[in-house]
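Residues are numbered in the working numbering as their position in the sequence shown, beginning at 1, plus a constant of 113.
One thing to keep in mind: the hints can contain errors.
[To be verified] Per label pair, the in silico range of CB-to-CB distance: (1) P231 with G131: 31 to 39 Å; (2) R302 with L164: 17 to 25 Å; (3) W305 with V335: 26 to 34 Å; (4) R380 with V309: 41 to 49 Å; (5) Q329 with D142: 26 to 34 Å; (6) G260 with V312: 50 to 58 Å; (7) R252 with L164: 29 to 37 Å; (8) L165 with R295: 49 to 57 Å; (9) R169 with G149: 21 to 29 Å; (10) W305 with R252: 32 to 40 Å; (11) R252 with E174: 31 to 39 Å; (12) S376 with G166: 42 to 50 Å.
Read the hints as simulated data drawn from the structure, not as lab findings. These numbers come from a predicted model, not from an experiment. All C-beta atoms in this analysis are idealised placements derived from N, C-alpha and C, irrespective of residue type, glycine included.
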Amino acid sequence: MSPLERHYRLLLRAYPSGYRSDHGDELLDVLLDAAGPGRARPPAREAGALLLGGMRARLTESAAGPAWADGLHLGVLALSLVNLAALIPYTAETGLWTALAALGFLAVLRGRVGLALPVMMLTGSKAVAVTLGQPWLDRTLLPVFPGGPWADGPALYGNAGPVATATSGALVVLGLLVLAARGERPRPRSWWWPAVLPVAAGLDPGWDDLASPSAQTVVRVVLEAALLVTAVYAGRLTRDGRWAIAAAVYLLPATAVLGEHLSLASRQEIAHWALLAVLTAASAVAPATARRRLVL
114 MSPLERHYRL LLRAYPSGYR SDHGDELLDV LLDAAGPGRA RPPAREAGAL
164 LLGGMRARLT ESAAGPAWAD GLHLGVLALS LVNLAALIPY TAETGLWTAL
214 AALGFLAVLR GRVGLALPVM MLTGSKAVAV TLGQPWLDRT LLPVFPGGPW
264 ADGPALYGNA GPVATATSGA LVVLGLLVLA ARGERPRPRS WWWPAVLPVA
314 AGLDPGWDDL ASPSAQTVVR VVLEAALLVT AVYAGRLTRD GRWAIAAAVY
364 LLPATAVLGE HLSLASRQEI AHWALLAVLT AASAVAPATA RRRLVL
């Protein structure tokens, strides 16, 4: 296998496996035939086009099934990941609690709503009890400080009070109740989600003070914006509202965090919420705009 073919095969992995099975060899032959003699790497412009095409194919493929249920499941999964990531730096003090949150996250990931529901009810109730200073189920009480590589970080729930914590846990539970009532198991999600956990745990899952942001906080805001821009693009591409539903589910705990400390909120915190709200609204408008243009 030539270096050029190896690079093209790597780029084609951006496409879904089904697409590669049906069209991968044909597309690879076209790319190799069109390449200039002696070339060892694809041109940057061509590589970018292949990556964008792969993303478009994956987004189009993922727009399957009822949009509201799939979007709700996606939003619940994102919140479950963030809630678990917020506990990981404090595992030394919250080992059992973190393990249960991990079990709930994996159950949501694989669409096992019946297993996830009682686990998330338990962990959500425990989170609220801790923020209220109640030693429910074990003796964990605030303040709880992080360890390991997070040793210089803030205390657990140091910037989110009981209302914000309860909102996040309640949304997960309510979303799972709705999915359970539907009676159809959500489709399992990619195993790439757990790979994101270490990154999420290091990017301010505890909502640090944006008035004096750390590098991790800035990266988190940038990634949030990038994901929401992707949701806008996905809604416009597929004319589907599932990504707007997921974005709205994610926005609600951020709204609770701001609302709980609104009188003390800095301009940066208000601007952060406004950015999330504007992009969430754009993701809701994008499918309707795309349909209108299609009709015209």
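Hints versus structure:
| no. | hint | in the structure |
| --- | --- | --- |
| 1 | P231 with G131: 31 to 39 Å | 35 Å, holds |
| 2 | R302 with L164: 17 to 25 Å | 21 Å, holds |
| 3 | W305 with V335: 26 to 34 Å | 20 Å, violated |
| 4 | R380 with V309: 41 to 49 Å | 30 Å, violated |
| 5 | Q329 with D142: 26 to 34 Å | 45 Å, violated |
| 6 | G260 with V312: 50 to 58 Å | 18 Å, violated |
| 7 | R252 with L164: 29 to 37 Å | 50 Å, violated |
| 8 | L165 with R295: 49 to 57 Å | 34 Å, violated |
| 9 | R169 with G149: 21 to 29 Å | 26 Å, holds |
| 10 | W305 with R252: 32 to 40 Å | 36 Å, holds |
| 11 | R252 with E174: 31 to 39 Å | 48 Å, violated |
| 12 | S376 with G166: 42 to 50 Å | 49 Å, holds |
Consistency with the previously given hints fails for numbers 3, 4, 5, 6, 7, 8 and 11, ordered from lowest to highest.
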